[in-house]
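J.: Spelled out from the first residue to the last, the chains are:
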Amino acid sequence: MKRLTLIVAILGASLTLLAQTTTLTGTVLDQRKRPISGASVSIKDSYDGTSTDSLGQFRFTSTETGNHTLTITYTGYKAWEQPVSLTGAALSFSVQLKEDQNELTAVVITAGSFEASDIKRATALKPLDIVTTASANADVAAAMRTLPGTQQVGESAELFVRGGEGFETRQFIDGTTVPNPFFGQAPNIASRGRFSPFLFKGTVFSTGGYSALYGQALSSALILESIDLPERSAASASLSPIFASGQYQHLAKNKKSSWGGSAGYTFLGPYFKVISQRPDYFQAPQIFSSDANFRIKTSATGMLKFFGSYANQQLGLRNPDIDQAQLKNAFSLNNDNIYTNLAYRERLANRLKLQAGLSYALNRDNIQQAVQDGENKPVTSGLPWYVAAKNFGINSRSTLVQARGVLEYKLTGLSGIKAGAEYWYSKDKSTFNQLTAQITDHYSSVFAEADVYLSNRLAGRAGLRAEHSSLLNATNLAPRASLAYKLGGGAQVTADYGVFYQKPQSQFLLLQQDLPQMRADHYILTYQKIGVNQVFRAQLFHKGYKQLLKTWPDTSATGNGYARGFELFWRDKISLKNFDYWITYSYLDTKRDYLNFPYSMQPNFAANHTANLVVKRFFTKLKTQFNINYQFATGRPYYNLAFSSTEQKWTVRDEGKTIAFNNLSVSMNYITNIGKAFGVIVFSMNNVLNSKQVFGYNYSFDGSNKVAVVPPANRFVFLGIFLSWGTDRTQDAINNNL
Amino acid sequence: MKKMLLLLMSASLLLAAQAQNEKYVGYMKKTMAQLDSASTPDAFQQVANSFERIANAEKSEWQPGYYGAYALIMKAFYMKELKEVDATCDKADAMLALSESIAGMKNSEILTLKAMVLTARMRVDGSRGMTMGPKATQLLQQALQGQPAGNPRAMVQMAQMMFYTPAAFGGGKDIGVEWLKKGIAAYESFKPASELDPTWGKPYAEGLLQQWTAGK
Chain P
1 MKRLTLIVAI LGASLTLLAQ TTTLTGTVLD QRKRPISGAS VSIKDSYDGT STDSLGQFRF
61 TSTETGNHTL TITYTGYKAW EQPVSLTGAA LSFSVQLKED QNELTAVVIT AGSFEASDIK
121 RATALKPLDI VTTASANADV AAAMRTLPGT QQVGESAELF VRGGEGFETR QFIDGTTVPN
181 PFFGQAPNIA SRGRFSPFLF KGTVFSTGGY SALYGQALSS ALILESIDLP ERSAASASLS
241 PIFASGQYQH LAKNKKSSWG GSAGYTFLGP YFKVISQRPD YFQAPQIFSS DANFRIKTSA
301 TGMLKFFGSY ANQQLGLRNP DIDQAQLKNA FSLNNDNIYT NLAYRERLAN RLKLQAGLSY
361 ALNRDNIQQA VQDGENKPVT SGLPWYVAAK NFGINSRSTL VQARGVLEYK LTGLSGIKAG
421 AEYWYSKDKS TFNQLTAQIT DHYSSVFAEA DVYLSNRLAG RAGLRAEHSS LLNATNLAPR
481 ASLAYKLGGG AQVTADYGVF YQKPQSQFLL LQQDLPQMRA DHYILTYQKI GVNQVFRAQL
541 FHKGYKQLLK TWPDTSATGN GYARGFELFW RDKISLKNFD YWITYSYLDT KRDYLNFPYS
601 MQPNFAANHT ANLVVKRFFT KLKTQFNINY QFATGRPYYN LAFSSTEQKW TVRDEGKTIA
661 FNNLSVSMNY ITNIGKAFGV IVFSMNNVLN SKQVFGYNYS FDGSNKVAVV PPANRFVFLG
721 IFLSWGTDRT QDAINNNL
Chain L
1001 MKKMLLLLMS ASLLLAAQAQ NEKYVGYMKK TMAQLDSAST PDAFQQVANS FERIANAEKS
1061 EWQPGYYGAY ALIMKAFYMK ELKEVDATCD KADAMLALSE SIAGMKNSEI LTLKAMVLTA
1121 RMRVDGSRGM TMGPKATQLL QQALQGQPAG NPRAMVQMAQ MMFYTPAAFG GGKDIGVEWL
1181 KKGIAAYESF KPASELDPTW GKPYAEGLLQ QWTAGK
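Heads up: the protein sequence lines correspond to chains P and L, in order.
For the first sequence, the working numbering assigns the number 1 to the initial residue and increments by one for each residue that follows.
For the second sequence, the working numbering assigns the number 1001 to the initial residue and increments by one for each residue that follows.
With the rest of the complex left out, here is chain P (with noise of 0.2 Å):
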């Protein structure tokens, strides 16, 4: 027993001479030598240690002996680790961290375009945004157009970005190209975007300079992301004098995957009998429309989605014949559009990540158009050419098949390579009259792209797409690079180049197709400061236009052309308590040598200044979102284009101006509960004002009468209702726990 006493005693004097401490202090400072405070010091897997005070100081004991590691971490800093011997003498310190890169702090590459998503922090419009947009009415491509670079072009609903025509901006959805975005279009009548703001969760609007993993728009993209599993399972509903309209979202029980689809039937005529319009609509606008998805969550990081739609569309007006008076001129429009996505991405392996996109789409038109006279019976004889060659059928079919696989390889921190492949088969077929032309192409490219962050200040973007299409038996290499750099105080400087190629329009390759791609130059510097609820940019830009098409004297690729100018972009939503804003001013000074121009003139769809205020408030009290938006625009060109057959040219008749672009729209949402039902009423007005808008005159042939082109009315109002009920019932569950 005694024996034990001793070895118990001999124990604890072991333990207590253990007991030595050792003293360790220092300094914490960032790559700036500037103090930092509440950084965690301490010995590994111990308990000693302290925090840094305001100073970047430290002091600490330890009672652990030995070899040890001393760590230093802070929130958004590199960990900093040295190995210690602790033996009791006193130990010092001087440390400096260094800045982790993460998406947050580092600069930001992709600064020319517009990010919009609930993600990323750093965005200018989410999807939100544009569903509370006055002048929007919940059109995807309507919401960009109160961004700087896009022009109002109000007789169209594509997007007109900086100097560049509607079909210069192309829309991609998870990757591949959507051919038909918008709902076919009567003469300088805009139609609608196809898609609901609803489907994505992310938008990308580049006004230019986008990355080398898209092609084939000379101007700007249009990235759309679709979203992922839904939150819940839910069925919705709307209903408006103009549509209605259900929905039906299944998210299956284990939250793996989810089902869904819609049908929907718009029919304008009713609100055409109230609001009257400018033009006869024999066939009010009517359109039939539906789709579906399916999306699966094939593993932890594995995704596969898939989207289809289908749309039917008619609609038929008279307008007066602009060569004589008592004829006029009945249009008619029948067109089916399918639209089917199927994308795919997952993690290969730990760095590499694969997404795939496979896509089909078919267009299918049959236009109409015929001369009548005063009791709209057709008039098909004893016409002069010009009036009869209004007469015409055009029925064309195109089609659309995309396949495209994009390698992501992550390098250290933020830097990383991508590379892939995609191909696009396209049949375009159209019958003009008796007269039928048909083209096929396969058009294959390559890409790949790198993003080197030298530093959390300082990072570059290398790109390089390769492209061919066997129909113009052409290939071209496009090189992009971006260089950012990041200045402090949440601001950055970016310097983009790169070149664009797209292929002539169909209509124009259906009647030739030696001819090379056009070719669009764009260089781009933007400064940008993004604080949490603040961002302001400025850019200026400059674009150069080769090789566009000339249709005279030849059909030809040898227009060209330039844009340059400079953007302003400001958002707000703290400034102004409760309210979220922003302002945008775009100058622009473009001109172009193109299609049957007599020479370099600036194009009918540019203005010169171009500006949008937006302004929006939710009253909490009224359950009532206000939204307002003024868009204004300096006139733009008009011409009158006539060939001179003295002077076998083409020669301008006459041109002017119009006068000022003037829109101020309104909107309101107001949330409510109807029965069990998550409910939502819009109100829309645009054109408050009731401003005259003149988007540019067209000419009789021999040019004596001069028409202002109109839109149909002078405002456009909606009302309408959304519901939607959840199916999980949290709600319910919520209150039943009461």
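I should point out that these hints are in silico values taken from the structure, not numbers from a laboratory.
Keep in mind that this is a model prediction, so the values were computed, not measured.
Each hint should be verified, as a subset may be incorrect.
[What the hints assert, rightly or not] No more than 25 Å apart at the CA atoms, straight line, and that leaves these computed lysine-lysine pairs for BS3-like:
no., chain 1, residue 1, chain 2, residue 2
1, P, K706, P, K649
2, L, K1135, P, K676
3, L, K1030, P, K529
4, L, K1135, P, K33
5, P, K44, L, K1202
6, P, K33, P, K78
With chain P fixed as given, assemble chain L onto it according to the hints.
T.: Chain L alone, transformed into the frame defined by chain P:
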């Protein structure tokens, strides 16, 4: 002798384990007291650092990570610089993930904090409420299901969720007050499983009730 040695060895081992546990409990209690008295973002950061050290040393205890995350959430609520809220919340989420890997996915207290992280993130941008609000509500529901005896902290969080959610979205002040009362009642009967398990929040809930029902 052999038997004796064996006895001695196991006794000292037991002693060491006992000492280690006492050290752990002692440190935890000391740091929890610091947490109780903290009231500035800097103070909360310091307490969070202390809990993080304990969490790194005690890889089988879920409480250090839990309290560390709680301290960071409080920092996120108190800090003036909105642009750092998300980074702080990211750290809190990481500590909760660590804590959850020890305690299991159904720990009611951890689920409650996960909902609080989302509430803190909503400070940055009110429009996040549209997506984060329902997620937070869902987490609180799981927290309530995970503790049938009643988790007062989850109830008080639910009360605040409901109080600030417009009636049109299924919330409302009356529902909020009801939840709060239910939460305060639950504090009376709540018994922590161990002395290190969370018990915080009662005075705050009572103060909140006074504030909400004042003038009624």
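J.: Next step is simple, just say for each hint if it's right about the structure.
T.: Quick rundown of the hints versus the structure:
| no. | hint | in the structure |
| --- | --- | --- |
| 1 | P:K706 with P:K649 | holds (22 Å) |
| 2 | L:K1135 with P:K676 | holds (20 Å) |
| 3 | L:K1030 with P:K529 | violated (44 Å) |
| 4 | L:K1135 with P:K33 | violated (41 Å) |
| 5 | P:K44 with L:K1202 | violated (35 Å) |
| 6 | P:K33 with P:K78 | holds (15 Å) |
The structure does not agree with the numbered hints 3, 4 and 5 stated previously, though it agrees with the rest.
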